[in-house]
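Participant: With the hints as constraints, model all of the structure from the sequences given.
Respectively, the protein sequence lines represent chains Z and Y.
Last residue of the first sequence? That's 420 in our numbering, and every number before it is there in order.
Last residue of the second sequence? That's 420 in our numbering, and every number before it is there in order.
Don't read these hints as lab results, they were simulated from the structure.
If several chains are the same, the list does not tell them apart, and a pair holds so long as it fits within one copy or across any two.
16 Å max Cα-Cα, derived EDC-like pairs, lysine to aspartate or glutamate:
| no. | residue 1 | residue 2 |
| --- | --- | --- |
| 1 | LYS368 | GLU231 |
| 2 | LYS368 | ASP235 |
| 3 | LYS227 | GLU374 |
| 4 | LYS165 | GLU142 |
| 5 | LYS310 | ASP415 |
| 6 | LYS417 | GLU192 |
| 7 | LYS245 | GLU327 |
| 8 | LYS157 | GLU142 |
| 9 | LYS310 | ASP183 |
| 10 | LYS135 | GLU151 |
| 11 | LYS165 | GLU192 |
| 12 | LYS407 | GLU151 |
| 13 | LYS297 | ASP284 |
Number of protein chains: 2
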Amino acid sequence: MMSPKPNILIYSPDQADSYAECIRGYGFSSVKAASTVEEAEKYLPGTEVILAWKFPTQLLHKPIASSVRWFQSMGAGVDDLASDTHIPENIILTRIVDQFGGYISEYVFTYLLYLVKDVPRMSKAQLERRWDPFISETLAGKTIGIAGLGSIGAEIVRKARSFDMNVYGLSFSGKQAELVDRHFASDEWKVFVKEIDYLVLTLPLTKATHHVVNRDVLLAMKPESAIINVGRGALINEKELLAVMRSGHLQGAVLDVFETEPLPKGHPFWEMPHVYVTSHLSGPSTRDGVSRFFVDNLNRYLNKQPLQGLVDRKRGY
Amino acid sequence: MMSPKPNILIYSPDQADSYAECIRGYGFSSVKAASTVEEAEKYLPGTEVILAWKFPTQLLHKPIASSVRWFQSMGAGVDDLASDTHIPENIILTRIVDQFGGYISEYVFTYLLYLVKDVPRMSKAQLERRWDPFISETLAGKTIGIAGLGSIGAEIVRKARSFDMNVYGLSFSGKQAELVDRHFASDEWKVFVKEIDYLVLTLPLTKATHHVVNRDVLLAMKPESAIINVGRGALINEKELLAVMRSGHLQGAVLDVFETEPLPKGHPFWEMPHVYVTSHLSGPSTRDGVSRFFVDNLNRYLNKQPLQGLVDRKRGY
Numbered sequence: 104m105m106s107p108k109p110n111i112l113i114y115s116p117d118q119a120d121s122y123a124e125c126i127r128g129y130g131f132s133s134v135k136a137a138s139t140v141e142e143a144e145k146y147l148p149g150t151e152v153i154l155a156w157k158f159p160t161q162l163l164h165k166p167i168a169s170s171v172r173w174f175q176s177m178g179a180g181v182d183d184l185a186s187d188t189h190i191p192e193n194i195i196l197t198r199i200v201d202q203f204g205g206y207i208s209e210y211v212f213t214y215l216l217y218l219v220k221d222v223p224r225m226s227k228a229q230l231e232r233r234w235d236p237f238i239s240e241t242l243a244g245k246t247i248g249i250a251g252l253g254s255i256g257a258e259i260v261r262k263a264r265s266f267d268m269n270v271y272g273l274s275f276s277g278k279q280a281e282l283v284d285r286h287f288a289s290d291e292w293k294v295f296v297k298e299i300d301y302l303v304l305t306l307p308l309t310k311a312t313h314h315v316v317n318r319d320v321l322l323a324m325k326p327e328s329a330i331i332n333v334g335r336g337a338l339i340n341e342k343e344l345l346a347v348m349r350s351g352h353l354q355g356a357v358l359d360v361f362e363t364e365p366l367p368k369g370h371p372f373w374e375m376p377h378v379y380v381t382s383h384l385s386g387p388s389t390r391d392g393v394s395r396f397f398v399d400n401l402n403r404y405l406n407k408q409p410l411q412g413l414v415d416r417k418r419g420y
Numbered sequence: 104m105m106s107p108k109p110n111i112l113i114y115s116p117d118q119a120d121s122y123a124e125c126i127r128g129y130g131f132s133s134v135k136a137a138s139t140v141e142e143a144e145k146y147l148p149g150t151e152v153i154l155a156w157k158f159p160t161q162l163l164h165k166p167i168a169s170s171v172r173w174f175q176s177m178g179a180g181v182d183d184l185a186s187d188t189h190i191p192e193n194i195i196l197t198r199i200v201d202q203f204g205g206y207i208s209e210y211v212f213t214y215l216l217y218l219v220k221d222v223p224r225m226s227k228a229q230l231e232r233r234w235d236p237f238i239s240e241t242l243a244g245k246t247i248g249i250a251g252l253g254s255i256g257a258e259i260v261r262k263a264r265s266f267d268m269n270v271y272g273l274s275f276s277g278k279q280a281e282l283v284d285r286h287f288a289s290d291e292w293k294v295f296v297k298e299i300d301y302l303v304l305t306l307p308l309t310k311a312t313h314h315v316v317n318r319d320v321l322l323a324m325k326p327e328s329a330i331i332n333v334g335r336g337a338l339i340n341e342k343e344l345l346a347v348m349r350s351g352h353l354q355g356a357v358l359d360v361f362e363t364e365p366l367p368k369g370h371p372f373w374e375m376p377h378v379y380v381t382s383h384l385s386g387p388s389t390r391d392g393v394s395r396f397f398v399d400n401l402n403r404y405l406n407k408q409p410l411q412g413l414v415d416r417k418r419g420y
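Facilitator: Here it is in structure tokens:
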């Protein structure tokens, strides 16, 4: 049923036209852009391939979507899509992989250095025109613990080496265990976090990782350690993190992802000391990056080669 | 004239006792500590080795200092000592080397990432409880230009590689030219800075480097580039930097060193937009680090091996 020139539907609430233009630039002509449910309904008949962000998936089990064969998400996290019963089993589901390592690792080291060099103290001294030489700590010699050793975790490992850090890792598959100084399995969280100075979460959200960082794990961490979450909000039990930090445990929490996004205005994280809130921006899907990835996958699709970022719905990513 | 157990004088306005205790811990017993001119005068007779910070060098050409053979500075920069005519030619002068690369490079990357990821924007959004996802730029693909390729510059090169940056370098000796993608000689400043996004100064201060970053060099830089100075204040003509930045040229200046330190309360740098002032803290002489270096040199001295960090007074470092 594969056609040499498949009909492609791009869906995005605010960037559909821009993506469509970019994909056409790669030489694909049958490209439609939709930004609303109505537009999607209009273009779905005859569509074989979808590239989408926040797609109205309820449309996919209607007869108008019967020709859809492959659904490429514009994001890396597909916890919502993998468990979405609206998407028929025969539609191939793929996510973006290997695109975010560099970007997210820059975010992680921005905040690791911000914390360890005590930038707030330097900024305050400048504001007060006060000469304040002090000796900060260093990343060198400290231990980073990376939960999740996929392409993002691997890139964090690489940069951590250049800062002469000790590197621990925890992963479910154990596939990249040789990257780190010490590897821990998914039932070893409390041993894993015991000696580390920074816990970085890059795991996908699945049934097995939901609220995996709970009160017990947080209390097993050193009181002066810090946590950085660039995975998914619900990896952490946020209520328990709040309680643990209110008790004075942990030196910092850098949170780019939350159980509810956007983070509600009234949420205590916004004003909590030592909590750094950012707006799910550590690993943005840039149009050019996603388009390159999609076109590469499209060529694989046309040549009947295995697709990159294939989602195993049972596993959840 | 070398004795198996030379008399050692430690001088520091505020840390002499602490250093002396540390050196004695390495098994050297003839160690005296002085914090004032009077104490230095009292202990100088018979002293063979001096480890010092802010030493009253006028004492060194008096007869009480006639047994002094070797003067180890606690710092890396010795522009003041190298040109100090109070220090007799027969006294060996050494400085700390190879201790600051890791520390200073962490400072440099703290601010490179702070600028490129736009931490001020993220902080402001949090302060205003505002969800503000945005796509920052990345260090990856940007070009860093490092002036000075000694041990500090080399460590910055190493970390820049892990961030997938292009690395240009300028050095006077050209000895480590192979470290960088493009190397420039000391008469090529304007070509060197033309294409770079970040200029990092790690040069020693000598007659040849005084005000080497002047109006012409600054204007040859891209308007959206930034400068980081972790060398010595007078590498930059500060007045010309001020004028150039007031005209809207350069995206940022991160300054840890100044022509006058502490930076005077009334100096315009304190409140200038895009200028980040820190208090000469990027490469602190930690007691433990300096002591280790000194004891290692002391053993070389006793074994008549070449000393580390030997200062060539004509060259100026």
